[in-house]
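Here the protein sequences come in this chain order: A and B. Take the first sequence: its position 208, counted from the start at 1, is 208 in the numbering used here, and no numbers get skipped. Take the second sequence: its position 76, counted from the start at 1, is 76 in the numbering used here, and no numbers get skipped.
Warning: the hint list may mix true and false statements.
[Claimed, not checked] Derived Cβ-Cβ restraints for the label pairs, each shown as a range:
{"id": "1", "chain 1": "B", "residue 1": "Arg-258", "chain 2": "A", "residue 2": "Lys-249", "range": "54 to 62 angstroms"}
{"id": "2", "chain 1": "A", "residue 1": "Pro-346", "chain 2": "B", "residue 2": "Glu-205", "range": "27 to 35 angstroms"}
{"id": "3", "chain 1": "B", "residue 1": "Met-106", "chain 2": "A", "residue 2": "Arg-166", "range": "57 to 65 angstroms"}
{"id": "4", "chain 1": "B", "residue 1": "Leu-238", "chain 2": "A", "residue 2": "Gly-118", "range": "50 to 58 angstroms"}
{"id": "5", "chain 1": "B", "residue 1": "Gly-221", "chain 2": "A", "residue 2": "Val-210", "range": "34 to 42 angstroms"}
{"id": "6", "chain 1": "A", "residue 1": "Asp-289", "chain 2": "B", "residue 2": "Ser-85", "range": "52 to 60 angstroms"}
{"id": "7", "chain 1": "A", "residue 1": "Asp-175", "chain 2": "B", "residue 2": "Ser-198", "range": "40 to 48 angstroms"}
[Said to hold, decoys possible] Far from chain A, by Cβ distances over 12 angstroms, these chain B residues were calculated:
{"id": "8", "residue": "Arg-40"}
{"id": "9", "residue": "Thr-80"}
{"id": "10", "residue": "Leu-81"}
{"id": "11", "residue": "Asn-82"}
{"id": "12", "residue": "Ala-105"}
{"id": "13", "residue": "Gly-162"}
{"id": "14", "residue": "Arg-172"}
{"id": "15", "residue": "Leu-207"}
{"id": "16", "residue": "Leu-213"}
{"id": "17", "residue": "Leu-259"}
{"id": "18", "residue": "Asp-279"}
{"id": "19", "residue": "Gly-285"}
{"id": "20", "residue": "Gly-311"}
Treat the hints as calculated values from the structure; they're not laboratory data. Even glycine gets a Cβ: it sits at the ideal position worked out from N, Cα and C.
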Amino acid sequence: MSRLLVRNGRVIDPAQGLDETLDILIEDGRIARLGRDLPRGADVPELDADGLVVAPGFIDLHTHLREPGFEHKETIETGCLAAAAGGFTAVCCMANTNPVNDEPAVTRYIMEKAQRAGAVRVYPIGALSKGCRGEELAEVGEMVQAGAVAISDSPSPVANPLLLRRALEYCRSFDVPIIVHPQDEILSDRGSMNEGRVSTRIGLRGMPTVAEELVVGRDILLAEYTGGRLHLGHLSTAGSVEAVREAKKRGSRVTCEVTAHHFSLTDEDVASANYDPLWKMNPPLRTDDDRRAIVKGIADGTIDAIVSDHAPHHQDEKEMDFSDAPFGISGLETAVSLALDRLIRPGVIDLSALVRLMSMAPARIVRVPGGSLKEGSVGDLTVLDPERSVTVDPASFVSKGRNTPFRGVKLQGGPAATVVGGSVVWKG
Amino acid sequence: MGIEPAVALNSKDLVGIAGLEAGEIQLLLDTAEQLLEVARRPIKKVPTLRGMTVVNLFMEPSTRTRFSFEVAEKRLSADTLNFSSSTSSVTKGETLFDTARNLMAMAPDFIVIRHPNTGAPHRLSGVVSASVINAGDGSNEHPTQALLDAFTIRRHFGSLTGLTVVVAGDIRHSRVARSNAFLLSKMGAKVRFAAPASLLPVEVEELQAESYLRLEPALEGADAVMMLRIQMERQKKLNFPSMREYYDFFALTPERLRLAKEGALVMHPGPMNRGVEIDSEVADGDQSVILEQVTNGVAIRMAILYLLAGGRSESAAGS
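Excised from the complex, chain A in its bound form (with noise of 0.2 angstroms):
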């Protein structure tokens, strides 16, 4: 029998309303008994989780894990190496692979390498269309059988407004919800960063609020039309935080995420980085009144989780100018730092209420196991240390991506250590 013992951590469960000083034990994968003082054993291995928190394993609804096809960007073993160093047990990732994840062999083969990586769970996405091309709908049924947890073309669009109706109507008989990168790629018109003040004043293209608002609004109204699991990734707009709000208000079922980087970062940024597209993403960095709507969105619980969208590339891709460079940030290893220390320490929300962000919630949106630490459930944890200063230096990340706008940046927080059923495949 494999057993770990996890001592003295500040354990924080929002599932069962806990938040006390406990013991853990975990026993064969399985968490098996919380208490105070539970008995010590010769044969057991502990954590000493002394002055630390100790929450049910989070999980990454956004991450691009790039195998097959763009090994050179990242594969699947660097991906969830750099998952456990960010405090991360398990994560889902996108089908905008090459092949693309489309069909049950891609599928299994993504679930096998992770297997044999041996750090975090991979919960494969598959493409909601053949080759995320947007016109036919992808095997999903077959995929799910082997494995996938939700289904989605992002970071492509889903432009034909009949292909996501009739995707939300086929994925209702096999129980996953659909991913939406939110954008009309027409109205966005080849920008690269936000449309705005700073971008008219530093003459880079810009990506309207509004091409995303526009696509948030049709995908809702779908999505309560055809009673369709629908999960909106990335908001980025303080026009799209509200239209949630107001469709939760209203009964609707919808779910959303916001990046790390979203709440941390504005386009004054990108105007302050001299055209260095390690601040390029998509969605781009917005205005400080849409970083703060989301902040609120996140206090007042209209946004259900917070991700990396992890989406390494190479140095030479990054060395690029602006316009031809790719999009997105190299995440994993910084979203719980940026979320200690941007979110838990001014006191935006407590440590509870990003647990739910974190674990809670993607477990229930994907429904995977954990995102609890009731007796029986997975065990999976995340250690987390609110009080350690990080300063971000992407040479020593994990990732093969080392492309993050934060750079040199000091974070108050970090992940202290990471276990996979009752494996601990992290340690800082």
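Since the structure of chain A is provided, determine the placement of chain B on it from the hints.
Relative to chain A, chain B alone:
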């Protein structure tokens, strides 16, 4: 003249007007004044940049800007190398940084860059030791054009302070409009943009300019009118319906020009679309300074090279 010229330029590069102070602009214009005279000599050459190498890196088609730089470089006795997009390796997928590293291996003193993407000169300036001069980047800046435009205006009015300058056309895609707005506002002139809103950027007041949705009211009381080239092929027929309609409502015609101040200057960065944004009668009329702009462009580019090489204004035209 209210603005005291600076003693020298603050940066090793000239990547945009946005980063210049008014005193530096004044210094550039004063220096160009000294250098204008070189063109009138029988032997149009001074030895200022002898032994120095200038790379002209043109990643986007250009005739007049490239020629103007080449003439300026040759009159200053620099050695020049020309790279253009059709002959360079950029089309083969080389990154901008690799191109820069390769160029630096040839130890140039200056890199003059024209690039289809915004910010390319700015990024280049951070990784090379040579002085980088922006000859136009994406839809961002065309600082040497704005300097030559300001120089042309100043030669007619003595000063830029208090003047009203109209810039009309596709403002949203125009680096010329942007650099002009930055420059003229720094020098105390008023800038009016005239275009339908589909050709204006959002939050246009960020550019320190007033915007007008029709040309006529913008022209009232104007000291100079700058017409921008309309590129129908860029518009996909979404931004305005036709060349004919554009001419009908937004072209500078003799009748419309009469709304401006008497003797107002007519300017165009070229190449012109006669009968689209500008009527031939106006383009070739008494008030047109379009060819002066071309002449002045050489002097401005000489002044930039000279000052970036560490020269002083008063001895610019000396041998």
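We went through each hint and held it up to the structure:
At about 60 angstroms, the CB distance of Arg-258 of chain B to Lys-249 of chain A agrees with the hint of 54 to 62 angstroms. Between Pro-346 of chain A and Glu-205 of chain B the beta carbon distance is about 33 angstroms. The supplied range of 27 to 35 angstroms therefore holds. Met-106 of chain B and Arg-166 of chain A have their C-beta atoms about 59 angstroms apart, which keeps the hinted 57 to 65 angstroms range intact. At about 53 angstroms, the beta-carbon gap between Leu-238 of chain B and Gly-118 of chain A stays in the expected band of 50 to 58 angstroms.
The hinted window of 34 to 42 angstroms between Gly-221 of chain B and Val-210 of chain A holds, with their beta carbons roughly 36 angstroms apart. One distance hint, 52 to 60 angstroms for the beta-carbon pair Asp-289 of chain A and Ser-85 of chain B, is violated here, with the actual separation near 40 angstroms. At roughly 46 angstroms, the beta carbons of Asp-175 of chain A and Ser-198 of chain B sit within the given window of 40 to 48 angstroms. Even its closest Cβ contact with chain A, about 37 angstroms, leaves Arg-40 of chain B beyond 12 angstroms, as expected for a residue assigned away from the interface.
With a cut of 12 angstroms on Cβ distances, Thr-80 of chain B stays outside the contact zone with chain A, its closest approach being about 24 angstroms. No beta-carbon of chain A is positioned within 12 angstroms of the beta-carbon of Leu-81 of chain B; the least distance is around 21 angstroms. At roughly 21 angstroms, the least C-beta separation between Asn-82 of chain B and chain A is larger than 12 angstroms, which holds for a residue marked as non-interface. Even its closest Cβ contact with chain A, about 17 angstroms, leaves Ala-105 of chain B beyond 12 angstroms, as expected for a residue assigned away from the interface.
Annotated as non-interface, Gly-162 of chain B keeps its C-beta farther than 12 angstroms from every C-beta of chain A; the closest such distance is 25 angstroms. Taking the minimum C-beta to C-beta distance to chain A, about 9 angstroms, the non-interface status of Arg-172 of chain B is violated against the 12 angstroms cut. Residue placement check: Leu-207 of chain B does not keep its beta carbon more than 12 angstroms from all beta carbons of chain A (closest about 6 angstroms). At roughly 17 angstroms from the closest C-beta of chain A, the C-beta of Leu-213 of chain B stays outside 12 angstroms, upholding its exclusion from the interface.
Its beta-carbon lying about 28 angstroms from the closest one in chain A, Leu-259 of chain B satisfies the requirement of being farther than 12 angstroms from that chain. Every beta carbon of chain A lies more than 12 angstroms from that of Asp-279 of chain B, the smallest distance being close to 30 angstroms; the non-interface claim holds. For Gly-285 of chain B, the condition that its CB be more than 12 angstroms from all CB atoms of chain A holds, with the nearest at approximately 33 angstroms. The beta carbon of Gly-311 of chain B sits about 27 angstroms from the closest Cβ of chain A, which is more than 12 angstroms, so the claim that it is off the interface holds.
The earlier numbered hints that this structure contradicts are 6, 14, 15.
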